[in-house]
Every structure is written in C-alpha cells, then in structure tokens.
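Add chain V to chain X, keeping to what the hints say.
Chains as they are written, first to last, in our numbering: chain X, 1 to 700; chain V, 1 to 224.
Keep in mind the hints are simulated off the structure, nothing from the lab. The reader is advised that the hints may include incorrect statements.
What the hints assert, rightly or not - Pair ranges (Cβ atoms, derived):
#	chain 1	residue 1	chain 2	residue 2	range
1	X	362	V	65	36 to 46 Å
2	X	437	V	57	21 to 31 Å
3	V	85	X	362	57 to 67 Å
4	X	219	V	88	51 to 61 Å
5	X	591	V	44	39 to 49 Å
6	V	166	X	565	25 to 35 Å
7	X	591	V	61	41 to 51 Å
8	V	198	X	553	45 to 55 Å
9	V	162	X	267	15 to 25 Å
10	X	437	V	61	16 to 26 Å
All values derive from a computational prediction rather than experimental measurement. Every residue, glycine too, gets a C-beta built ideally from N, C-alpha and C.
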Amino acid sequence: MANLYRMSLNKNNILIFFLIFFSGVSFSQEEIITIQDSTKTKILGDVIITATRTMRQLSSLPLPVQLISKKEISNVNSMRLNDILNEQTGLITVPDFGGGEGIQLQGLDSQYTLILVDGVPLIGRSAGTLDISRITVGNIKQIEIVKGASSSLYGSEALGGVINIITETPKHGLNGNIHSRVGSFDTYDSNLNIGYRKQKLAMNAFVNSFISGGYDLNDNDALNTVEPFKNYTFNSKLTYDFTNKTNLFLSGRYYAQNQDYIASEDLKGDSNINEWNAHLKLSHMYSDKWSSYFEFYTTRYKADEYLNNPDNSRFSESNFNQLLLRPEMRATFSPTDKSAFIGGLGWNHETLVRTDFSSQPEFNSPYAYLQHDTNPTEKLNLILGARFDSHSEYESQFSPKAAIRYELTEKLAVKGSVGYGFKAPDFRQLYFDFSNSTVGYTVLGYNAVISKINELEAQGQIANSVVPLSDFDDELKPENSVSINIGADYNPTSNLKLSINAFRNNIDDLIDTRVIANKTNGQNVFSYYNVHKVYTQGLEFNSTLKLSNQLKISGGYQLLFAKDKEAESAFKNGDIYARLTPSSPSFKLKKEDYFGLYNRSRHMANFKVFYEFPQWNLDANIRGTYRSKYGLFDTNGNNYLDAYDDFVEGYSVWDIAINKTIYKNYQLGFGIDNLFGFTDTQNISNISGRIIYGKLNIQF
Amino acid sequence: MNFFKNHEHKMNNSNSVSKTIKFLTLALLFIGFTSCSNDNDDTPLLEVESQTISNLQATQSADYTTTPPTIIGDYIKFSFETGSTTTGNDWDIAFRGSTIIVNGGEATAQDQPARTSSTGAYIATGTLASITTVDNSLLKSDSSTNGLAIPTGSGNGWYNYDPTNHIISPIPGKIIVVKTNSGKYAKLEILSYYENSTPNDDLSNSQFYTFNYVYQPNEGVTTF
Numbered sequence: 001m002a003n004l005y006r007m008s009l010n011k012n013n014i015l016i017f018f019l020i021f022f023s024g025v026s027f028s029q030e031e032i033i034t035i036q037d038s039t040k041t042k043i044l045g046d047v048i049i050t051a052t053r054t055m056r057q058l059s060s061l062p063l064p065v066q067l068i069s070k071k072e073i074s075n076v077n078s079m080r081l082n083d084i085l086n087e088q089t090g091l092i093t094v095p096d097f098g099g100g101e102g103i104q105l106q107g108l109d110s111q112y113t114l115i116l117v118d119g120v121p122l123i124g125r126s127a128g129t130l131d132i133s134r135i136t137v138g139n140i141k142q143i144e145i146v147k148g149a150s151s152s153l154y155g156s157e158a159l160g161g162v163i164n165i166i167t168e169t170p171k172h173g174l175n176g177n178i179h180s181r182v183g184s185f186d187t188y189d190s191n192l193n194i195g196y197r198k199q200k201l202a203m204n205a206f207v208n209s210f211i212s213g214g215y216d217l218n219d220n221d222a223l224n225t226v227e228p229f230k231n232y233t234f235n236s237k238l239t240y241d242f243t244n245k246t247n248l249f250l251s252g253r254y255y256a257q258n259q260d261y262i263a264s265e266d267l268k269g270d271s272n273i274n275e276w277n278a279h280l281k282l283s284h285m286y287s288d289k290w291s292s293y294f295e296f297y298t299t300r301y302k303a304d305e306y307l308n309n310p311d312n313s314r315f316s317e318s319n320f321n322q323l324l325l326r327p328e329m330r331a332t333f334s335p336t337d338k339s340a341f342i343g344g345l346g347w348n349h350e351t352l353v354r355t356d357f358s359s360q361p362e363f364n365s366p367y368a369y370l371q372h373d374t375n376p377t378e379k380l381n382l383i384l385g386a387r388f389d390s391h392s393e394y395e396s397q398f399s400p401k402a403a404i405r406y407e408l409t410e411k412l413a414v415k416g417s418v419g420y421g422f423k424a425p426d427f428r429q430l431y432f433d434f435s436n437s438t439v440g441y442t443v444l445g446y447n448a449v450i451s452k453i454n455e456l457e458a459q460g461q462i463a464n465s466v467v468p469l470s471d472f473d474d475e476l477k478p479e480n481s482v483s484i485n486i487g488a489d490y491n492p493t494s495n496l497k498l499s500i501n502a503f504r505n506n507i508d509d510l511i512d513t514r515v516i517a518n519k520t521n522g523q524n525v526f527s528y529y530n531v532h533k534v535y536t537q538g539l540e541f542n543s544t545l546k547l548s549n550q551l552k553i554s555g556g557y558q559l560l561f562a563k564d565k566e567a568e569s570a571f572k573n574g575d576i577y578a579r580l581t582p583s584s585p586s587f588k589l590k591k592e593d594y595f596g597l598y599n600r601s602r603h604m605a606n607f608k609v610f611y612e613f614p615q616w617n618l619d620a621n622i623r624g625t626y627r628s629k630y631g632l633f634d635t636n637g638n639n640y641l642d643a644y645d646d647f648v649e650g651y652s653v654w655d656i657a658i659n660k661t662i663y664k665n666y667q668l669g670f671g672i673d674n675l676f677g678f679t680d681t682q683n684i685s686n687i688s689g690r691i692i693y694g695k696l697n698i699q700f
Numbered sequence: 001m002n003f004f005k006n007h008e009h010k011m012n013n014s015n016s017v018s019k020t021i022k023f024l025t026l027a028l029l030f031i032g033f034t035s036c037s038n039d040n041d042d043t044p045l046l047e048v049e050s051q052t053i054s055n056l057q058a059t060q061s062a063d064y065t066t067t068p069p070t071i072i073g074d075y076i077k078f079s080f081e082t083g084s085t086t087t088g089n090d091w092d093i094a095f096r097g098s099t100i101i102v103n104g105g106e107a108t109a110q111d112q113p114a115r116t117s118s119t120g121a122y123i124a125t126g127t128l129a130s131i132t133t134v135d136n137s138l139l140k141s142d143s144s145t146n147g148l149a150i151p152t153g154s155g156n157g158w159y160n161y162d163p164t165n166h167i168i169s170p171i172p173g174k175i176i177v178v179k180t181n182s183g184k185y186a187k188l189e190i191l192s193y194y195e196n197s198t199p200n201d202d203l204s205n206s207q208f209y210t211f212n213y214v215y216q217p218n219e220g221v222t223t224f
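Bound-form chain V, shown alone:
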C-alpha cells in the first residue's frame, strides 16, 4: 500500500505539522485496522481530504429604495464531495454575503434555495485539527422558527463585525462541522471574508470567502 506517498497535503500553514501528525495517527490506525483484516478485502477506507478554498465570491447587495431594504444576490452553493461550487441540488452549504445556509431543514426567507436533503451543521470551538469527532446531537438544520443552523450577526456565528471600521473577521476558534447531503462529515474554518485575505480601504473586496476544510469521504465515519 502506498498510503504515505500518495498523501498530498494542501494546507500551507502553521497547522500543517499537527495536521501531519494527525494523518500519521490516522494512517497507523488504518494500517493496524487493515492488517488484522483479510488481505483480499479490497475496500480500504478513503483518504480524508484537506483543502483550502480561496476567494469564493458570494456577492449580496441591498436595494435601499424599498422599506425595509431588499437584499439581492444568489446563494453560492458548495459541495464537499466535489470540493467545488455547484448549481444543482447536491450542495451542502451555500454562501451569500456573511450568511451561510445548509441544505437541510427549511428556507428562512423566500429568496433562499429550497432545501433538498437533511444536511446539518453546528459551530464547535477549537482549531481545525483539534475537532476530531462529530457530535451528532449538536447538528441542526435551518429552521423557519429557530433560525439558521449557522447563526447570523456579529459574535453569534462565525464572524465578528467591528462597528468602527466595519470589518467582518472570522472569530478565531470557530469550526463549522457539517453533515453533508449524502450523510458524510466535513469540518471547515473560515479564514477570511475579503479577496486575497486583505480588506481594501473601502472594503469593496468583501464577500470573498477563504476557508480550510477537511472532508471525511467514508460513509458513517464520524472522526477526522
């Protein structure tokens, strides 16, 4: 088995050391696991995927001629399985402005895409590396009565809004854990809300998401 050589680590940051250690642990466990099993069993677990998505644009604008103002913009849907945006029903989470919705539950506003699966999410506190298991009891879908699974508003969900300089910054230590539309698990850490991770002077380059995520492609495995 060529597990170690094939492993490609795309994260290019200070986390990569602990990441690698975790992969080694995972790999050792995996080896231990497979060595006990029949050598002819050819359904080995798939490799956990770590990716960085940069500058995912999710523009929203507001029409202030109406009262209350109308918010316009498409939700940009994202699938962890493909690691890219999608326009179909196979999405897990979708972005518009600072709002993130999940493909589960029900729409909380009329202009949101219909939910087509039982995707859920919750926000855990930790680093991307330290969140190693999914707590299924915490998973929530969007709800017209209880609000979005990932709450909006400064300090409530994934970001803080600074009313003096108007910068939206991801709260350090907030990891979004997702159960995907096909019942698998992913975790992500949003790193920036601005294009190339640097807000410009008039903040016109906002609504560009950069995030790291880890996807567990194996059915029913709740660890990363």
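Chain X extracted, bound-state conformation:
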C-alpha cells in the first residue's frame, strides 16, 4: 500500500504538512527532507483515506474531517466506539429502544451515517440504528470521520457522513500486547493482540472480550436498564506483498454477543448476536500512474432472541439474518502529481430473513463511481466526483459531489463542499408485515401493502381505507439530501489550530409511518411513506492549543438547528396549539415556539486538557462534554416539540484518566468516567453513573 501515499501527497502538501506538525523545528529545506526520510510512519499516521478513497493528508482536505488517533484512544482508556465518539465535537450517541447506541452527526440520526471498518461497511440495522457499542477500539489505529453527504463515493447511508475505523497493522518482528480494564458495573474489557511482520508477510490476530454486569437506573420494576451481557470480537489480518507492486490483504472478523433478555417478571430469555465478515483485497501497481484493486467483501449479521414463560414454554421468538456480498473493482490514475482519478465498479447483493416479513427479500444493486482530485494551482484543490447506484427495489440514484479548498495564506485556508446523499429504504420499510397481538394494529412495508390490504379486506378486518391503494403503485423513494459545508482552517501560530465549519443538510422524502386504513377493531393499518422534509443546519468550531510539549488543550462546539419544514410553516401559519396542563384549554403557538426535531440539542460542547509528565512517564487528562436541553417526545398533545413541552435538561459529563508507563512496556492506568456521577434515570438510559476503573497494558 505504500505506493498509494506517494500518489496523493504531492510536494506542496508535504511541505504544509511539515510546517504544521514540525513547526518546532526551523524551516530550512534540508531539514524537511531529512525528516521526511526518517519519519515515514509518522506521515502515514496523519493521512486519511476515507474522504477520497485515496491517501490524503488530513490538513489539506477540502471536506470537514476529524481524525481520532490511537494515542488519544489509549490516553482516555476507551473500550467501545461509542465511548470515544461521544467526546468528539458534534457527535453524540443516542440510545435506541432496542438497547443499542447509534451516532448522531450534524443532527442527523444514526441511520444516515455509514460505519466502515477498513473501508467496508458494517450491517445489522434491524431498526435503522447501527449499534456502535458493538465495536471494540482495542485494535484501532485511527478513526476517520468525514462529515457531509458522501454518497458520491460510498452510496447508500452516507447521507450525513462516514465513520471509518482503521485497524492496526503489525510492526516488524513478533510483537503484541495484552490489555485489561476492570471497572464499575462489573465491566471487564480484555484484549490480546499479536502481530508479526517479516519481509513480505504480515499477520495479526486480535481477541477482545467485553463483559458487563449491566446496570439499573430504575429500581421500581423487574427489569434492568441494561441487562448483563458478554461479547467477543476476533479479528485477524494478513497482508502479503508478492512483489513491491502486488499486494494481498485478507481480513476476517467475528463478533458474538449474548445478553439476558428480560421483558417482564414472567417473561425471560436470551438475545444473541452473531456477526462475521471477510474482506479480501488484491492491489497492483502497473506504473507510477496506474493502480488497480480487486476487492471482495462479505458479511453476515444475525440477531436472535426469544422469551420463555415461567414454565419454560416458548412465549415469543424473533430473528434477523442479513447477508451482504460485495465485489468491487477500482482503479486509480495519476497523470501528474497534481491530479488523481479514482473510479470503481461494484455490486451489492443483500438478503434478509426476518420474523414478521411478507417475503424473503433480496436486493441487487450494481454501482459505478468516478472522482477527480486535482490541484490546478499550488493553492487550490478541487475534488469532483459522482456515483450511480442502480437498484432492483427502488429508484436508482445519481450522487454527485464537488469540493474546493483554497489557501488564502499559509495560515488560512477556506473550503467548501456540496454533495448529494441518499439512504435506501431498508428491508423493514419495504417488506414488514406485523400485527400487534395485544393492541391489534398492523404495520405493513410499502411493497407489502397491496397484497396484504386485500388479504385483510377479504377477512373483513378493514373498516375503511384512508388512502387509495394506487398510492403504492410507484416505488418508494430513497431518503435523500443535499448537504453543504463551508469552512475555514486557521493556524495563527504554530501551536494554535482553529477550524470552523457551517453546515446545512436539506433532507427530502424522509420515510415515516402513516395510517393507510382503519381496521374494524378500531385500530389502524400503518405503512411507510415519503413524507417529511427536514433540514439540519449549524456551525461547528474546533480549536487545539499546544501550550508546551506537555500541555494540550482542545475545545469544540456545535450549534444546531434541526427542523421539519412542514412543522415550521404550520407554526408560522398559526395552525399549532398547545395546552399548559393536559386538560386546560388550548392556546395558539407562535413561530418561535417551535423547537425542532426530537433528541437534538441546540448546543453541544467539549473541553479537554491533556498533560504529560515526562519525568514520571505519566500522562493525565480531564475531559468534559456538554449537551444542552432537548426533547424526547411531545408532551402536550400537538405532536410537535414546542417551547411548552417537557425537556430533558442539559447536562455535562466529566472524565479523568491517568496513565503511567513503567519499565517501558508496562502501562498502568486509572480513571473515573462520569466523575460527578451524573444520571437522568427517567430520560437517559445510556449513562450508567460514575465508573471507576483500572487498566493494565503489557507490550511485548
């Protein structure tokens, strides 16, 4: 892969790169060249692949990107991906009713952010959310976050952005580490990592075990907030360089989780997740200008759960079994060192077997993409790209994107990007066939509506139709968005970095459920519709100040407005009313009373101080995150979140960590997450309270 770096790191970029990262040294040309030769690994550590699918250095990209280094992850002693992402500006994990945690990015829900591991996607969004607590950070080299629609390269789901987890590659020789963290709530996180590299061959094996006793925020019922669980991750990688121009990459990952599933005092069972993926990549460099890649990726995600009655007879069972197969070919062409093309052709094949489905659906979607990354002048970088996704079950999508960065001075650069993003309707929105056995309502996927309504009608269960069946003749449209990001990077001095980014995501055809018929039992039949138009817009600000080699302070802030356009005009037209108490008379609401979408905070901020005591081989840090008030649901009956609703109060969480290295290879750590023991037992299920832990890491 080494040849890749050369391709996109042109001389100009390398220069800027060194100016920023080695600003402590003087700027003579000779010295820069020496550094370049001696610190190749350091260069690699600060490039990012997710934004362009080619190696690009972080600081020169025209897109809003964030990079989380291995060092930061190990300094803060994170265990799972949600731990570390929660501390980043503009990111917050939101608990799902199914128990998982999804990421909210630029105010967009978790189903609109694509999660990749080494460039290939994770699947298993049974209710839309991809539970990122599934992912251990024990073998991560870096986490790359690209904000703004990126469907031009990645297709579906990359509507709000992309998070790519890059796993560790082994160093020379035989080496590895053992890691263990033990903490409150009977939490045990253990890793074993073994790597080997000699000449052409590199191998790596990683095992993680994560055990939690769960926790309970509400003692009044038989249920725990989070039931005890344990999970295991196995990951192994192999790379082989046939020649210095032909390389093979093989990776396999297996994840298994078992959790108690308690629905009530009487109904108890188990819930199991099994996931594996296999990733093969063959790269070949034909010349300095041409390279090609053949990639094959396949992954399966299975979730099964059951509940038993007290007499051990089966009460209910549900399962979810999704498979993705993806062959992809891509080629890069760099006619000059100022210009790079990347193009790809691929095929997504997806199947799902699931309880409560009308059929066993299959998706087939061939796609093609092309991107041109060019520096017409030394100060100007342009990226133009587009992707076409054809699909068997919904409208085909064309996703263009353009990005530009211009260096006004050596200290100040402005950048902007516009892109189209989409999220394909998921299997549930198309094929669900579910009738609630106790209440009696029915939910039908869009493609299941016509046949199922006729069936219900024949059984005499339909009282009257609310919408005509002809509404379901056309295909359901993918949710889509146009996203705009405009920002600037400003480095006024060598130790201060500032960046600002304004964003707007215009999302169309959001899919929601709507009543399509009334049933004779007084309940409704729901189906999925392209109904809403929403937008999220705001401002993100990041700053890092290195006061000395020992002290680094960083702060971030996001301002967010996330609103439904129809709701906004309904408030403006004075159509929305509210009550002060549940049974008091209504009064008219004003335009400014509309708060916006649920679960969005107007303000989110973080503040971190990292300090190193080299004389003691010790590093310490304190980190705080804040989110302002937000609403979880409408509490005053008008179906909108307005100023008179009940809100979840704003809160901050503070963490501290101290790590000491002894005898070079041993590292001891201690820390307290959620120092002040913040909880909100009513509203926030994913904050367990104060966590005290100890850590031991042994390198060999």
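Frame of chain X; chain V shown alone:
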C-alpha cells in the same frame, strides 16, 4: 336591563379573560342593537351559554372472542339545549369510547342509534374563544359512505393516540362546531378523555369526557 349582573361565567381557566372580553363585546353589541329598537319590544336575544361538562362517561368494551372483535357499549347522547345527557331523540352528539357521532345523516354501523334530525358538525382549528362564527358550508352529517362527521383515528379528528403509552389526548386547537337538532349552534373543546383529567397507570379510567362548550340558544344566530 340587568345583563351584566346576571351573567354567570362557569369557565374557571385561563381562557376566562378573553371569554369575558368577548362577552363584553357581545353585550355592547347587544345594547347597541336593542337601544335602537323599540323599548316595548320584549324579545331580547338569549344569553350565550358557556359550560364545562366533567367526566361524562362513555364506556365501550370489546369482545375479542369474535373475529373481528365486537365492540359493545351504549352511545351516550348529549343535548346542548339542556346541557345534559338524554335518552330521547333530542340529542345532538353522542359518545362511545373515542367515537363521537352526530344526530344527522345515517348510521355507519348497526349498533348506532338512528339519526333523527339534521344535526351536523365540523372540526375547526383555533381556541374556543377564537372560533366566533359558524361556516355552514363545512357542516357535515354522518354518512355511511363518507364516514362520520367527526372522523375517528389518531390525528384525524379530535384526538391523538400515542402508541407507546397508549394515551389518547385531545389535539390542542381542535374545536368541534355543531349545528344542533333544533338548528342552533354550539362549539366545544374536548379537554380530557380520562376521569378527573388524569390518566391512571393502567389507563382504566379512560372514556370519561371533560369538555368546555359554548351554546348559542338564539335561532339563526351563527356567531358566538
């Protein structure tokens, strides 16, 4: 004339201020109107009536042994003229569970009482105070083809149903305007579907209506 002293205002809520202002306006208009007329004319307009009805029980239950389940329960009939429930044919609207029917048009199911007048209704958006005139063109009677004048189902008529906590809550800003069985007009705002306006834990105290209404007892007057 002792109009102001006699006026009794039964609404005990934040709306009463605007209510009073409206009454004052009405009263001034009335005075203006009557002062121009012959002093011997002794047919003054009747006072507009404002009332609160609390905990009107309208129980329905479902028999799930049949397919589809059978809904059982009497429609509780209400007359605006008397301000109380009735068992006769002089009803204007009737309640059962979350369903409200009007005494006009035709039955939409066999277990409904027969319609005996040309009562109609529609749902207006506003506060009880802000709906001051009746738009006759919007009035509808129940119809076996077009459904009930006050549609059922969450978000369609007067209430929202929350599928997570199963609470039925009156949609703020929905005012039901009624042309009564004797051709007069009324408007009402449903405030609660639960006894004493507070749903209990298992929601067993549902199907108790509390509503405010304003009744215009004068023939042909379409303002409140």
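If I claimed the Cβ atoms of residue 219 of chain X and residue 88 of chain V lie 51 to 61 Å apart, would that claim hold in this structure? Check passed, 55 Å falls within 51 to 61 Å.
That 41 to 51 Å hint for residue 591 of chain X and residue 61 of chain V (C-beta), does it hold up? holds (44 Å)
Is 25 to 35 Å a correct range for the gap between the Cβ atoms of residue 166 of chain V and residue 565 of chain X? holds (30 Å)
Would you say the C-beta atoms of residue 437 of chain X and residue 61 of chain V sit inside 16 to 26 Å of each other? Holds - the Cβ-Cβ distance for residue 437 of chain X and residue 61 of chain V, about 19 Å, lies within 16 to 26 Å.
Within 57 to 67 Å: is that where the Cβ-Cβ distance between residue 85 of chain V and residue 362 of chain X falls? holds (59 Å)
Holds or violated: the 45 to 55 Å window for the beta-carbon distance between residue 198 of chain V and residue 553 of chain X? holds (51 Å)
Just tell me: holds or violated, for the beta carbon distance of residue 591 of chain X and residue 44 of chain V against 39 to 49 Å? Taking Cβ atoms as reference, residue 591 of chain X and residue 44 of chain V lie about 43 Å apart, which means the hint holds.
Does the hinted range 21 to 31 Å hold for residue 437 of chain X and residue 57 of chain V at CB? Roughly 29 Å apart at Cβ, these two residues keep to the hinted range, so it holds.
Range hint compliance [Cβ, residue 162 of chain V to residue 267 of chain X, 15 to 25 Å]: holds (23 Å)
Using the Cβ atoms, figure out if residue 362 of chain X sits within 36 to 46 Å of residue 65 of chain V. Holds, at about 41 Å.
The structure agrees with every numbered hint stated previously.
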